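Participant: Take a look at the letters that make up each chain.
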Amino acid sequence: MDLLYTPAHELQRGLAARQISAGELCRAVLARIDKLDEKLRAFITVTPELALSQAGEVDRRIAAGEELPPLAGIPVAVKDVICTRGVRTTCASRILHNFVPPYNATVMEKIMARGMVMVGKTNMDEFAMGSSNENSGYYPASNPWDTQRVPGGSSGGSAVAVAAGMAVLALGSDTGGSIRQPASFCGVVGLKPTYGAVSRYGLVAYASSLDQIGPIAGNVADCALLLSAIAGYDPLDSTSAPGERPDYTKSLNQEIRGLKVGVPREYMGEGIDPGVRGVIDGALKVLASLGAEIEEVSLPHSKYAIPAYYLIATAEASSNLARYDGVSYGYRVEDPGDVVDMYMKSRSRGFGAEVKRRIMLGTFALSAGYYDAYYLKALKVRTLIKQDFDRAFEKYDVLICPTTPSTAFRKGEKVDDPLQMYLSDITTISANLAGIPGISVPAGFSGGLPVGMQIMGRPFGEGDLLRVAHAFEQATGHHKRRPEL
Amino acid sequence: MITIDVDHVALLSRLELTAEEKKIYAGQIRAILEYAGLLEELDTENVPPTAHVLPLRNVFREDRVEDHLPLEKAMQNAPDRDGNYFKVPRLV
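Taken in sequence, the protein lines are chains R and C. If you're matching positions, the first sequence starts at 10 in this note's numbering and goes up one per residue. If you're matching positions, the second sequence starts at -2 in this note's numbering and goes up one per residue.
No lab work stands behind these hints: they were computed from the structure. From a predicted model like this one, the values you see are computed outputs, not experimental measurements. Among these hints, one or two may not hold up.
Stated by the list, open to error - Capping the alpha-carbon separation at 27 Å, the derived lysine-lysine pairs in BS3-like fashion look like this: (1) Lys395/R x Lys489/R; (2) Lys20/C x Lys420/R; (3) Lys423/R x Lys19/C; (4) Lys20/C x Lys423/R; (5) Lys312/R x Lys365/R; (6) Lys70/C x Lys84/C; (7) Lys48/R x Lys20/C; (8) Lys19/C x Lys420/R; (9) Lys259/R x Lys312/R; (10) Lys489/R x Lys365/R.
Bound conformation, chain R alone (with noise of 0.2 Å):
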């Protein structure tokens, strides 16, 4: 059996039939990784010796006959953001350079349990702060498709981990666009799953109100698999939606006929690449032909999206990342003064750019005088955004348009200027703000380059993003497509 690439359900039925052992598939991947990981940088921390030993207690069982959950043996990378016990987890900030988790993100615990093999953590932009991968405190990684490129972020080392195939599997956070960006980037699928329907426990914060884990994959298929593994219910985070999920992967192979999809307007136009565009249009004549109905739709306050974002994620960031000073686990800098210039150069020195711009800015907006103006009227605004999907909601099944505006873009090109840096989040931020779920699938190429199309749909409504998102792969093809490497 041909391991690279193989989707892990096709990897499932392999294991199970003992036509290939976990070890092997480990080892393959762990090859792949020595191979490719140096041009790459899509890891942190790679663990082989752990990995391993989960294959080898896969292949185990399996030889004493047991019955084995879905995704047991699979080999999945985890965004260095998610703590794992006794593995080291740095959220690419120097900061964190050599903090080892005492305990395990729920995620974790629900993937470990599945037998699923971890082999590594993954880079990042610093604290999930970023588009790019380019504000990784320790090394940018670099897009498969041309190594010039960025890869996309904040998940940029797992997108690339999947497309490469490093990873079957793989985890990230998504706050503004961190899965699906990079997911459309690369290549890959992506998922943001709606607010609340993953647990944050062990998820270094960013922004609590807006973080979600979520799984990238190469197909569809693999990422219902993924988010039925770690989705649910944790009484460990009190932002966690009660009830039961359902089985994602019933979404697969249904119909679209009659579904109802909206493309907002102001998602299609101006700021969106001629290139990216007609990918876009072309997709939609797919689903078209597979039956949906299609109609312009408008959301008016989308252009207020990325202001509000800015404030409401940084203000939150403020105050979430005042944690890190040196006091109890991180970088502290040796000989400090007294407690305040332990916690002054600590941060300054552990924390990139980025970041302590990201937490001035979030310190301005709640500072006294200036909160209602900015942080509490971008709440207000917050509002009206998720009052405009309510109301397309109850119109529409689901939302369609462009993951991102553009493909890759060259390392360095907006190092320097953060706001264009943040002008490129205008299709994701939105879903981050009303707390819908988001994928972005594989649409096609432009200039050569991924481009991938975003299926934003209704609260806990992931069921009918994998059912689209489903019926257009399958119709289409593109995630059989492999950068040369």
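Position chain C against the provided structure of chain R, taking the given hints into account.
Facilitator: Positioned in the frame of chain R, the structure of chain C alone reads:
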């Protein structure tokens, strides 16, 4: 034109910046805040703020001692410790 007291904000953020950094950050933050001025176009007088998208309130659990992280594990990343205390420089 928005003026930001960068020194004040840096102090609140517990960040120490060089003069050069202060200048760069001040300029960048000013540009972002000016862009954020777009929000003033909207009349939000009667719009309630959304701090959180889910209708969850006061999520509590029973006040009962359950399994907890052993102290040694909680201390294992300590930069400096003295027994069961995280050791820090003097406060005053």
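Participant: Hint compliance check: list the failing hint numbers for this structure, sorted ascending.
Facilitator: Violated: hints 1, 7, 9, 10.
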